[in-house]
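The task is simple: from the sequences and hints, build the whole structure.
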Amino acid sequence: MQICKVIGHVWSTKKEAALEGFKFMVVQEKYPADGPVFVAADLVGAGTGEEVLVVSGSTARCAAKSSGARQDEAPIDAAIVGIIDTCETEKQKKA
Amino acid sequence: MQICKVIGHVWSTKKEAALEGFKFMVVQEKYPADGPVFVAADLVGAGTGEEVLVVSGSTARCAAKSSGARQDEAPIDAAIVGIIDTCETEKQKKA
Amino acid sequence: MQICKVIGHVWSTKKEAALEGFKFMVVQEKYPADGPVFVAADLVGAGTGEEVLVVSGSTARCAAKSSGARQDEAPIDAAIVGIIDTCETEKQKKA
Amino acid sequence: MQICKVIGHVWSTKKEAALEGFKFMVVQEKYPADGPVFVAADLVGAGTGEEVLVVSGSTARCAAKSSGARQDEAPIDAAIVGIIDTCETEKQKKA
Amino acid sequence: MQICKVIGHVWSTKKEAALEGFKFMVVQEKYPADGPVFVAADLVGAGTGEEVLVVSGSTARCAAKSSGARQDEAPIDAAIVGIIDTCETEKQKKA
Chain A
1 MQICKVIGHV
11 WSTKKEAALE
21 GFKFMVVQEK
31 YPADGPVFVA
41 ADLVGAGTGE
51 EVLVVSGSTA
61 RCAAKSSGAR
71 QDEAPIDAAI
81 VGIIDTCETE
91 KQKKA
Chain B
1 MQICKVIGHV
11 WSTKKEAALE
21 GFKFMVVQEK
31 YPADGPVFVA
41 ADLVGAGTGE
51 EVLVVSGSTA
61 RCAAKSSGAR
71 QDEAPIDAAI
81 VGIIDTCETE
91 KQKKA
Chain C
1 MQICKVIGHV
11 WSTKKEAALE
21 GFKFMVVQEK
31 YPADGPVFVA
41 ADLVGAGTGE
51 EVLVVSGSTA
61 RCAAKSSGAR
71 QDEAPIDAAI
81 VGIIDTCETE
91 KQKKA
Chain D
1 MQICKVIGHV
11 WSTKKEAALE
21 GFKFMVVQEK
31 YPADGPVFVA
41 ADLVGAGTGE
51 EVLVVSGSTA
61 RCAAKSSGAR
71 QDEAPIDAAI
81 VGIIDTCETE
91 KQKKA
Chain E
1 MQICKVIGHV
11 WSTKKEAALE
21 GFKFMVVQEK
31 YPADGPVFVA
41 ADLVGAGTGE
51 EVLVVSGSTA
61 RCAAKSSGAR
71 QDEAPIDAAI
81 VGIIDTCETE
91 KQKKA
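Residue numbers (the numbering used here), protein chains in the order written: chain A, 1 to 95; chain B, 1 to 95; chain C, 1 to 95; chain D, 1 to 95; chain E, 1 to 95.
For the record, the hints were derived by calculation from the structure and aren't laboratory data. Treat each hint with caution, since some may be false.
For chains that are exact copies, the list does not tell them apart, and a pair is met inside one copy or across any two.
Stated by the list, open to error - Here are the simulated SDA-like cross-link-like pairs (lysine to any residue), alpha carbons at most 20 Å apart as the crow flies: (1) 65 / 8; (2) 23 / 67; (3) 23 / 83; (4) 14 / 66; (5) 30 / 47; (6) 23 / 69; (7) 14 / 49; (8) 14 / 51; (9) 23 / 9.
If you want it as structure tokens, here you go:
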């Protein structure tokens, strides 16, 4: 899972029917700082500015299914599955 | 999902029979700027110059299936699943 | 499998129900030094500072299932599956 | 799919029995120029110097199956699925 | 498939039960030179210093299954599936 920050939204009218009903957030990886930017389907009601846990690949489809959002597998390859309360690491302790 | 720009087409006569009927677009990731270039099967009628949502890996096969393009899984590992209307991010708001 | 060092924990209250019961560790790849940082579900009781083996992608779901942690596939894409006792490489022998 | 150039062959006598019968080509990604080099199973009769379409991951196994090369999934993670006739991009038009 | 060199071993006593019986080798990608280092389950009896073919992701589980090492899918995400006899590329011909 990647630790990301939600930095925006994407709107798409002309899209695969199977993508209807998902909210697509623009997220940015926090490690490394200002890391890769990509789009993830939101499964937990995350808002802009929040730190989130993002799963990728076939696991995103698995997550959408286990969340009850879909019975079949949705054609997504990234999904927000948690909002991070705290993230404590060795380096932060040193600071 | 990656935010990409469609920058061209690829033609291939001698290819796997299971790839017949797909339109293969050359896309380039927008984050980072001038990011990686690769080929994606177009499922939504995207044109050159448009910004699109691209799924990768096994999700691309899943997308082709759910789009009705194929009953079985097609041997593709990237697919354009949406045309982006607007993409609003924190950084764009600052600008 | 990646050789990683456990450098911290992540807490998330608002998350997918299917993620309940997992302990999420922050890990950092050791090759290259100070490599990528990400989050992995702990399946073996690893502690901060330990060197661990981490599997990614669909294999993480497979690992959670074969560990008995879950009967169905859990929506995780990284998992700690072993604690490393020793890692002997050519370069270390030279040292 | 990656746009690659075939730059050589690999021979391996001692290998998994399930890999018998495949021809393994060394390919190099064209974007970026002189990109990553890896090995792909050839499904279309590609020759050294040709530009090809390469699929990766589980899609390579899917491709081998749909090509009729195998009934079960072959343990490959990259496959050449097409020979590129022409590749037209915006940048080439400018030139 | 990646062309790697075997550079060492990893020992892990406390690990997932489903990983018992595998030999875990430390491998390094040869392209680019001194490339990424990771751990792969050995399915062909490779030794330190040898050049090998490594498959990744779900294909590694598929390889372990087709090799007869396991009936179910083993929780591995990288596997050595062949020992390379010769690797001939355009660049080597120029040399």
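Hint check results:
no.: 1; hint: 65 / 8; verdict: neither (24 Å within a copy, 29 Å between copies)
no.: 2; hint: 23 / 67; verdict: both (14 Å within a copy, 19 Å between copies)
no.: 3; hint: 23 / 83; verdict: both (15 Å within a copy, 15 Å between copies)
no.: 4; hint: 14 / 66; verdict: between (27 Å within a copy, 15 Å between copies)
no.: 5; hint: 30 / 47; verdict: within (16 Å within a copy, 23 Å between copies)
no.: 6; hint: 23 / 69; verdict: within (11 Å within a copy, 24 Å between copies)
no.: 7; hint: 14 / 49; verdict: between (27 Å within a copy, 15 Å between copies)
no.: 8; hint: 14 / 51; verdict: between (29 Å within a copy, 12 Å between copies)
no.: 9; hint: 23 / 9; verdict: within (8 Å within a copy, 28 Å between copies)
Figure legend: structure checked against the earlier numbered hints; the only hint not met is number 1.
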